[in-house]
Amino acid sequence: MTSVTPQRLKRRQDVVTDGNQQAKILSNAPDAREGFFAVPKVVE
Amino acid sequence: MSELNKLGLGAARDALRAGEITSVDLTKACLEAIEGAGALNAFVHKTPEVALERAKAADERLQAGDAPDMCGLPIGIKDLFCTKGVPSQAGSRILQGFLPEYESTVSQNLQDAGAVMLGKLNMDEFAMGSSNETSTYGDVTSPWRRGNDDAALTPGGSSGGSAAAVSADLCLAATGTDTGGSIRLPASANGVVGLKTTAGLVSRYGIMPVSYTMDTVGPLTRTVEDCARITGVIAGRDENDPTTSTRPVPDYEAALAQGIKGLKIGIPRNYYYDIATDEIRALMDDSLSVLRDLGAELIHVDLPDMERITHLSNVTFVCEAAAVHEPWMRERPDDYQEQVRSRYEPGLHLPATAYIQALDARPRALKSFVDQVFSKVDLLHVPGVPFAIPTRAETNVAASSQMPTMIATISWCTRATNYLGIPAISIPCGFTANGLPTTFQLTGRPFAEETLMAAGHAYQGATDWHTRAPGI
Chain A
310 MTSVTPQRLK
320 RRQDVVTDGN
330 QQAKILSNAP
340 DAREGFFAVP
350 KVVE
Chain B
1484 MSELNKLGLG
1494 AARDALRAGE
1504 ITSVDLTKAC
1514 LEAIEGAGAL
1524 NAFVHKTPEV
1534 ALERAKAADE
1544 RLQAGDAPDM
1554 CGLPIGIKDL
1564 FCTKGVPSQA
1574 GSRILQGFLP
1584 EYESTVSQNL
1594 QDAGAVMLGK
1604 LNMDEFAMGS
1614 SNETSTYGDV
1624 TSPWRRGNDD
1634 AALTPGGSSG
1644 GSAAAVSADL
1654 CLAATGTDTG
1664 GSIRLPASAN
1674 GVVGLKTTAG
1684 LVSRYGIMPV
1694 SYTMDTVGPL
1704 TRTVEDCARI
1714 TGVIAGRDEN
1724 DPTTSTRPVP
1734 DYEAALAQGI
1744 KGLKIGIPRN
1754 YYYDIATDEI
1764 RALMDDSLSV
1774 LRDLGAELIH
1784 VDLPDMERIT
1794 HLSNVTFVCE
1804 AAAVHEPWMR
1814 ERPDDYQEQV
1824 RSRYEPGLHL
1834 PATAYIQALD
1844 ARPRALKSFV
1854 DQVFSKVDLL
1864 HVPGVPFAIP
1874 TRAETNVAAS
1884 SQMPTMIATI
1894 SWCTRATNYL
1904 GIPAISIPCG
1914 FTANGLPTTF
1924 QLTGRPFAEE
1934 TLMAAGHAYQ
1944 GATDWHTRAP
1954 GI
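Chains A and B supply the protein sequences, listed in that same order. Heads up: the first sequence is residues 310 to 353, going by my numbering. Heads up: the second sequence is residues 1484 to 1955, going by my numbering.
Some hints here could point you the wrong way.
Stated by the list, open to error - Distance condition first, Cα-Cα at most 20 Å in a straight line; then the derived DMTMM-like pairs of lysine to aspartate or glutamate:
#	chain 1	residue 1	chain 2	residue 2
1	B	K1539	B	E1515
2	A	K319	B	E1518
3	B	K1489	B	E1515
4	A	K350	B	E1814
5	B	K1744	B	D1768
6	A	K319	B	D1724
7	B	K1529	B	E1518
8	A	K319	B	E1515
9	B	K1567	A	D323
As the list claims (entries may be wrong) - Among the chain A residues that face chain B by a calculated CB cut under 8 Å, a handful are:
#	residue
10	R317
11	K319
12	R321
13	Q331
14	K333
15	N337
Hints were generated in silico from the structure; no laboratory data involved. All of these numbers come straight from a predicted model, not from anything done at the bench. For every residue, glycine included, the Cβ atom is placed at its ideal position computed from N, Cα and C.
Isolated chain A, as found in the complex:
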């Protein structure tokens, strides 16, 4: 839509704005152990 209405692209500071949510990220995993996603072994 930038070509239809005049608007300047939004900018932000180049800094980390997100992170440190290991528990939240793993909360819906089918299996999680010691802070990691746990998946079936694929290499014997």
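Position chain B relative to chain A; hints supplied.
Structure of chain B alone, referenced to chain A:
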């Protein structure tokens, strides 16, 4: 005051601010209505505890004189939106048990504005349908019936639960999403107002994607006034959705006063009426007469090749949807409804060139549409759905050979809009001979929501279709 759940957002807000009612009473009235309307299957995750807790908090804010726009107003949220700690399954079996750790921007904005969430609303699985019969929670049934015929009707889709709930007064307003007509089709089938916003007006953060370059978010309400009230709350720049526009959000409610006088409204010479029934044509003509009597100038316009635009919209849709779902389709094909899977599958077999060409043609299609249409008129008036709403039996893919045609044709008047990214509003404009609601759409230039709503509001000031309630 009786039947609080039937109040509009404006009337309820005024009564709350004047201290005539409390949000707790209003919320309880809605929760009671929801309990009594189980047959519609509109609310699939009810959150009465969350609702009453937020209603109490809203009452405290109201008493303290710190009441934001939506303070204490009970609404429903489509299941496609992630809501923290509340199931958000997109109507699918695949997301069963998923409890989001975060809130979609739209539901967060509504919550911040004081709105009370009553629960999550049923929808077609992954928003891939137009009839609300692919949900893992079972079909939604329209609150409307054909005359004295008891046959269950489709509420349209995919935001069918949202439209049915608003139409049956289970909530004051609801959120919806529209990728090819998913707000406007159910608005039409249920006789409510639905707004498909300009691409980039409302954040999609926290909403399960369908076709990410065409997905848009908008409200379903009983009146255009309510549509304006809620759109102002959900619209605007969001750091979490880089596709949102930096354009300042206008005061939509104030813009309603702009009225319709002197607006040029276009009537399409080609495409939109190609498959419309005589009955729908007559209803559209009636609504145009009302708009003309209100001071609009009606002008016939030639449109670009809309069949091609609709085709490109479909290519974009199936390719993007297949890209999102390909891993699940490979690993859990049986957890999809067959009708939904069969709609994604073409996207797996189209060459990348077809998708790239569809995206490449998009800016030029928008330019030619704007040049040909919006250089001559302010708004374009088109039908919502080109025929009367079908029954469940008629939309059932297993029972009816008509179903594939039905899917293609029910969205005849809506698909192109999403490819072009322009806004469109559906407004109730009367009933077919068998007693079912229908709508017209007004579309406009990108970010013309104020004009759309001002014209729609003027129309509702002169008509009472939006006040008709379903019999059950």
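Hints, one by one, checked against the model:
| no. | hint | in the structure |
| --- | --- | --- |
| 1 | B:K1539 x B:E1515 | 17 Å, holds |
| 2 | A:K319 x B:E1518 | 46 Å, violated |
| 3 | B:K1489 x B:E1515 | 12 Å, holds |
| 4 | A:K350 x B:E1814 | 17 Å, holds |
| 5 | B:K1744 x B:D1768 | 19 Å, holds |
| 6 | A:K319 x B:D1724 | 11 Å, holds |
| 7 | B:K1529 x B:E1518 | 9 Å, holds |
| 8 | A:K319 x B:E1515 | 45 Å, violated |
| 9 | B:K1567 x A:D323 | 28 Å, violated |
| 10 | R317 | 7 Å, holds |
| 11 | K319 | 5 Å, holds |
| 12 | R321 | 7 Å, holds |
| 13 | Q331 | 11 Å, violated |
| 14 | K333 | 4 Å, holds |
| 15 | N337 | 6 Å, holds |
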